[in-house]
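Chains as they are written, first to last, in the working numbering: chain A, 30 to 293; chain B, 2 to 57; chain C, 3 to 549.
Accuracy of the hints is not assured; some may be wrong.
[As the list claims (entries may be wrong)] No farther apart than 27 Å at their CA atoms in a straight line, the calculated lysine-lysine pairs in the DSS-like style are these:
#1 K217(C) with K46(B)
#2 K54(B) with K217(C)
#3 K217(C) with K437(C)
#4 K239(A) with K161(A)
#5 K54(B) with K40(B)
#6 K437(C) with K39(B)
#7 K67(C) with K79(C)
#8 K194(A) with K239(A)
#9 K54(B) with K79(C)
#10 K437(C) with K67(C)
#11 K39(B) with K217(C)
#12 K217(C) with K79(C)
#13 K217(C) with K40(B)
#14 K149(A) with K161(A)
#15 K54(B) with K39(B)
#16 K67(C) with K46(B)
#17 K67(C) with K217(C)
#18 K67(C) with K39(B)
#19 K79(C) with K437(C)
None of these hints come from the bench; they were simulated from the model. Values in this document were obtained by computation on a predicted structure and should not be read as measured data.
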Amino acid sequence: MFHNLAPSWSQGSEAMPELFHRKLERSAIGFVLAIIAVASVGGIVEIAPLFTIDETVEEAPDMRVYTPLELAGRNIYIREGCYACHSQMVRTLRDEVERYGPYSLAVESKYDHPMLWGSKRTGPDLARVGGKYSDFGMSRILSPREVVPESNMPAYRWLARNSLKIEDLPLHLEAQRAIGVPYSEEMIENATRDAYGQASPGSDSASNVKERYGAETQVRAFDGVATNVTEMDALVAYLQVLGRLTDAAFEDTAAPEEPPEPIE
Amino acid sequence: MDVDHDTLVAFAKSWGLFYLIALSLGVLIYTFWPSNRKKFERAKKSIVEQDDKPWR
Amino acid sequence: MVSTLTTNERLFALIISALVSICGLALAAVGRQDLLAAQGFIIMVFGLACVFAVAQGFYEPEPSKERLSSYYDDPIKVGIALAMAWAVFAMFIGVWIATLLAYPELTFDQGWASFGRLRPVHTTGVIFGFGGNALIATSFHVVQRTSRARMPDQLSPWFVLAGYNLFCLLAITGYLMGITQSKEYAEAEWYADIWLVIVWVTYFILYIRTIARRKEPHIYVANWYFMAFILVVAILHIVNNLAIPVSLGHAKSYTVWSGVQDAMVQWWYGHNAVAFFLTAGFLGMLYYYLPVRAQRPIFSYRLSILSFWGITFFYMWAGSHHLHYTALPQWVQTLGMTFSVMLLVPSWASAGNALLTLNGAWHRVRDDATLRFIMVAVVFYGLTTFEGSFLAIRPVNSLSHYTDWTVGHVHAGALGWVALIIFGSFYTLVPSLWKREHMYSALLVEVHFWLALVGTLVYVFAMWNSGIVQGLMWRTYTEEGTLAYSFVDSLVAMYPYYIARAFGGLLFLLGAIVGSYNIWMTIRATPLTSRREIDVPQSGAVVVPGE
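Starting from the given sequences, assemble the full structure and let the hints guide the process.
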C-alpha cells in the first residue's frame, strides 16, 4: 500500500529526519520523552482548566460540609461498593429530572473526595434520595426484598449489627482538611463526640452538632435504636443528606435538555 | 499569578489544535521519509526469521 | 529458578525479600487498630515466602556463562502460569457476581460475599491479574526477541513479576475486607499504589535497558506499544492515585481531587487505562505474535507507525465522553466526543493492517485455531473501537450511559479482543518457550476457541439487549406525558438477560479452564522438539554480564 508510493521520491536527502529521529530512536530515552509529550497533551488541556473551574461554578453560599457521622456513612457507602450499581449524578435530561429531581450541579460535589458520580445504574440514581424516605424506610431498603420483592440488591443486614468506629474520626476530618475541605479546628476536635451526638438525640452532644453544622442538620437515631451508634446509623445519615448539602440545584431554573427521540 | 478560567480554556483549545496539526505533520514526514523505508522493511521482515538467540 | 541467578543476585533477592517482609511487619504494627494490619501481614508472609524460596537455592552452583548467549525465559514461563491462574480465578468471580445479580440472596449475609465488594475483585483480577501478567510475560518475550538481546540481569524481571502479583494480591484481599478507594479500576489503596510505582519504575528501567542492548538502530513497533503502555500507565496511575492517607496506620485515604475535577481525572485515567493497558500493550502483542504465527510480515509497517502515534495522541482526549450531560463543562464533553470519533481512524488502521496481513493466508486461519484466536481478536478490536466511538456521541450516550450496554461494550473488548489475543499469543508462545513440538492437544485449542467465541457472543448480545431495553424504558413517556415505567419495571425486564449473561460468561470460563489444562499438559507431557540447535549459541561468544 504505502511502500509503492515511496520510490519516486526516495532519493531525497537523509539530513533532517535522520538527525532528528535516528538520535531519538537510538537512545530509547528520546523515544520515551516523545511518548510522554504526545500522550500528556490531551489530559493537560482537558484537566488544567478545571483547576480554575471554581470561577465558573455556581455559587452556593449555603453549602455545608459532611458531619463526621455522614462522612463515616459515606466511607461505608464506598466500602460496600454501592457506587458500582448506583450513580449520584442526575444528568441534564428531561426524563432524569422527572424521575430523580433537579439535575446535579458541579458545586454539589465540591467537597467530595472522591466523587461518587458512578457509571452504572443497576439500581436507581441516589443524588436526590435524601429526605425521600423515612429513616425506617431507608434502613429497610437495605434489606431490599422486604420492601421491593423484585429488587436484586444484596441485603446489608450486617450494617445494623456492626458498631461504627468513631474514635478515629478526628484523623479523618484532618486528612480532609489537608486536601481543602473547610473543617474547623473545633469540628476536628469534636468529631467523635459529634458522630455520637448526631445519632443519639437527647444526649449532651446532640445539640452541639446542630451548632457546628447548621440548624438543618438531622439529629436522630437513624437506625431506630438510640443505644448504639451502628454502621447503619452512619449510612442512613449519609443517604439522608444526599442532595441536601445545598439548595443550589433546586433554585437552578435552566430547563433540562430533551432527550433525543428514541429509535423505535 | 493572574490566570482566569477563560484564558486557560482559550489557551487549551487553540494550543491543543496547533499541537495536533504539528504532530500529524511530524509523524507523516517521519513515516514517509524515503530513507526510512529500508529500515522499516528490515524491521518488518526480521521478526519472522527463525533465529531464537540473542545477537551477542 | 533461583539457580539461574548469580550469587550477587541471590543476595540482593534475599535482601529485598527481607525488606519487603519487614515493611509488612511495620505496616501491621502501626496499623494494628485497622484493617491495615491484615494487609501488612499479607505483605510480610509474601516477603517471607520469597526469603524462603531464595534461601533454599542459595548454595546451588552459579549459572554458567553459557546462559548469556540465550534468552532469559524463566520469568516469562512463570508469568504465563500466573496469568492463566488469575484468568480462571477472576473469570469465576465474574460468573459468580453475574449470578448474584439474578440471585442476590447468594450473598449469605456476608459483607465480603456481596456484589459491591466482589465486583472490583473481578475487574482487578481479569484486567490486572490476567491481563497484566500476560502483558509482562509477553513484553519480556517480545523485547528480547525483537532486540535480539537478553535481559540485562536475572533479578529485576523476577522483582517486577513477583512485585506486581503482590500488588494484585493486596488489592484483591483489600476489596474483600472493604478496603477500597472506590475509583473504578484504581480501587487499591495508597500503600499498594506506592508499591506499584516502585515495581513499575523497575519494569520501565528493565525494558529500556534491554532495548538499549539491541544491535539494530530501529526499535520494532511492538516495543513502541509496550513502552507507551508502561509509560502512560505510570503517569495515569500516579496522577489518579494522589491521596492523603488518614494516618500511616490507616488503610483508608482521601484522594486529593474532588468533585468535577476528580470525575475528570478519574475518567481520564479510566479511559486511558483502556487505551494504554487494554489496547496499546495488546497491540504490541498483536504486532509480534500475529506475524510470527502467520509467518508473514505485517502488511504495512508505516501504517503501524501512523496508528501508533494516532492512538497515543487521540486516546488521551477521549476520557470526558464518560461524563456527557453531567456537571462537567460542556466544551470538555464536546472535545471528548470529537476525539473519540477521530480515534476510530487509527484504531481501524491497526485492525485493517492486521487483517490485511492475513490476506493470502486464510487457509491457515481456517486450519489453525491459534491463528483464528488472533484473527477473531482483531475483528472484535475493530468492532469494539467502532462501538466505542459510536457510544461516545452525546445523543447515543444519553441512551447507553448507566446501562448494561456499556458493560456489553467493555466485555466485547475485554473478552473478544484482550482475552482472545492473549490466548492466541500464549498458544503461539508456550510450545516455543518450553521447546515442545506443538500444544498438547490441537483439539482442545479448537474447543477453547469455540467456547470463547460463543461465550463472548452470548454475553455481548445479552448485554446489548438489556442495555437498550433499559435505556429506552427509562425515557419512555405515556400519552399523558408522564414516565411510563418505574425503575423497578426496568429491573424486572433485566432478569432474563442477567441469566443469559451469566451463561455466556460460564462458557468463556470453561474455555479458560480447558486452555489452562492444555497448557499444563503441554508442559508436562508433550515431547521436546527435536530442533534443539536453534536455541543454542552458534558463535559461542562469551559476553560480559550486565552492561
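Here's how the hints hold up against the structure:
For the suggested pair K217(C) and K46(B), the alpha carbons sit about 16 Å apart, so the restraint of at most 27 Å is met. At roughly 13 Å between alpha-carbon atoms, K54(B) and K217(C) fall within 27 Å of each other, so this suggested pair holds. Restraint check for K217(C) and K437(C): satisfied, since their Cα atoms lie roughly 26 Å apart, inside the 27 Å limit. Only pairs whose Cα atoms come within 27 Å are accepted, and K239(A) paired with K161(A) is accepted, the gap being roughly 21 Å.
For a cut-off of 27 Å, the pair hint linking K54(B) to K40(B) stands: about 21 Å separates their Cα positions. Under the criterion of a C-alpha separation no larger than 27 Å, the hint pairing K437(C) with K39(B) is inconsistent with the structure, at around 33 Å. Taking the CA atoms of K67(C) and K79(C), the gap is about 21 Å. The hint holds against a cut of 27 Å. At roughly 21 Å between alpha-carbon atoms, K194(A) and K239(A) fall within 27 Å of each other, so this suggested pair holds.
Taking the CA atoms of K54(B) and K79(C), the gap is about 17 Å. The hint holds against a cut of 27 Å. Of the pairs offered as hints, the one joining K437(C) and K67(C) holds, with about 21 Å between alpha carbons and a cut-off of 27 Å not exceeded. Among the hinted pairs, K39(B) with K217(C) is consistent with the structure: their alpha-carbon atoms are about 16 Å apart, no more than 27 Å. With a C-alpha separation of about 26 Å, the suggested pair K217(C) and K79(C) falls inside the 27 Å cut-off, and the hint holds.
A C-alpha spacing of about 13 Å is found between K217(C) and K40(B), which places the hinted pair at or below 27 Å, so the restraint holds. In summary, the hint linking K149(A) to K161(A) is supported, as the alpha carbons are separated by about 21 Å, within the 27 Å threshold. A C-alpha spacing of about 24 Å is found between K54(B) and K39(B), which places the hinted pair at or below 27 Å, so the restraint holds. A threshold of 27 Å between alpha carbons decides the hint, and for K67(C) with K46(B) the separation of about 31 Å lies outside it, so the pair is violated.
Of the pairs offered as hints, the one joining K67(C) and K217(C) holds, with about 21 Å between alpha carbons and a cut-off of 27 Å not exceeded. With a C-alpha separation of about 36 Å, the suggested pairing of K67(C) with K39(B) is violated against the 27 Å cut-off. About 12 Å separates the Cα atoms of K79(C) and K437(C), which keeps this hinted pair within 27 Å; it holds.
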